[in-house]
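Chemist: Please take these sequences and the hints and turn them into a complete structure.
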Amino acid sequence: MTELALLADTAGIDVVGQTYQRAKQINPKTFIGKGKLQEAIDDVRYLDANLVIFDDELSPRHQRELEKQFGETVRLLDRSSLILDIFAQHARTREGALQVELAQYEYLLPRLTRQWTHLARQAGGGGARGGSGGVGLRGPGETQLEVDRREISRKITKLRRDLEQVRSHRRLHRDRRRRSGLPLVALAGYTNAGKSTLINALSDSNVYVADQLFATLDPTTRRIQLPDQAEMLLTDTVGFIQKLPTTLIAAFRATLEEVVEADLLLHVVDISHDSALRQIDAVEDTLAEIDASAMPRILVLNKIDQVEAALNELPLVDGYEHIVSISAKQRHGLDNLLAAIRDVLRRRETTLQVLLPYSAGKEYSSLYNKGYVKGETSAADGWLLTLRVPASVSGFYRQFAIEPGD
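Per numbering that gives the first Met the number 0, residue 0 is the first one in the sequence shown, and the count goes up by one each step.
Just so you know, the hints here were simulated from the structure itself, not pulled from any lab data.
Fair warning: this is a prediction, and the values are worked out from it, not measured in the lab.
Heads up, the beta-carbon is just placed ideally off N, CA and C, and yes, glycines get one too.
Any given hint could turn out to be false.
[Unchecked claim] Calculated pairs, DSS-like style, for lysine-lysine (alpha carbon to alpha carbon, straight line, at most 25 Å):
1) 242 / 23
2) 373 / 361
3) 33 / 23
4) 35 / 67
5) 242 / 35
6) 23 / 35
7) 328 / 373
8) 33 / 67
9) 28 / 242
[To be verified] If you anchor each label on the Cβ, the simulated ranges turn out as follows:
10) 227 / 11: 44 to 52 Å
11) 290 / 342: 20 to 28 Å
12) 304 / 153: 49 to 57 Å
13) 4 / 368: 46 to 54 Å
14) 17 / 394: 52 to 60 Å
15) 368 / 338: 16 to 24 Å
16) 159 / 11: 26 to 34 Å
17) 144 / 273: 42 to 50 Å
18) 342 / 289: 20 to 28 Å
19) 273 / 330: 22 to 30 Å
20) 362 / 390: 45 to 53 Å
21) 293 / 152: 32 to 40 Å
22) 46 / 330: 17 to 25 Å
23) 20 / 144: 26 to 34 Å
Modeler: If you want it as structure tokens, here you go:
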């Protein structure tokens, strides 16, 4: 409930009261029990509230019935629609706006009723692109609701097509990055865990940072110097949260592919948070949902400067290559983190024997600049090099290979 209040605050909503119910089962008609529903209706009237937010995703049936019970003057949101609203406010790029708008329409379609039809023209508000205007003319015998449903279905089809183009563009961008020969490390973590602060601290950049949930949605990539003069690309991703709407995960698949395609994942945790272990579980669940749970991972315990008590529960956390404690804001522990990253990347490198023609002087210099050359001899038609390269980019250099790598 505390997190729900923070979500509401992020969306610009003033919370004037809250209540909860312990129930053995969900009421099939109204989600909560009859007595609790009447109590909530009375509280809304007493507090003069105009909005009610449920902490779980409501089914279309529950949504329709609860709207009837609370009346036309009270707007009803569930956790999913609230998160979608926040994403719409914070999406800055065309890609982010497309993803949010698709998630909004897919959430809205099964819940569309007569009193919701105005939202069909407003989905994607805030930071999103918005719809294409009003709906078309009705055919013979069609209701306005049917017209709206067809219009939303058409928009969903177009948005999916547009996002497929985004995914293709991202694939090309990733291919170019692979040709650069630099390993890719992705940041993931619960929202507000400090990922943007960490990328700023490691790269001396100025990615937007705010002490609020989902402050940044759009991926950011920076070049980072590692120990022994090696380099890597570090990319930030959207923050995760418990009960993240499935429509949002599906819509943001193009962005989340940045995680799946990485050589290493840094799972950033706000270790000062009371629910840190539950947040770790929530992130791991989402990683499993996008098929990223088998990736090599480093657990980064951020905000360690705010922790006073001993972390007795940490031994319960396993499955990570390293566990590193840092304070991104105070820049403490960053050298240890970079050393851990270098260790994991080194263990995932591949050895190749290549023959690089003398005409490829640019590639030759680049290999030395990246620290990939471990041995060299000369031949009649080129340089014979022993390379140690990240597994993710080894495919590019295999075109020059003369022996299979290990």
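Chemist: What hints, given by number in increasing order, does this structure fail?
Modeler: Hints 7, 20, 22 not satisfied by this model.
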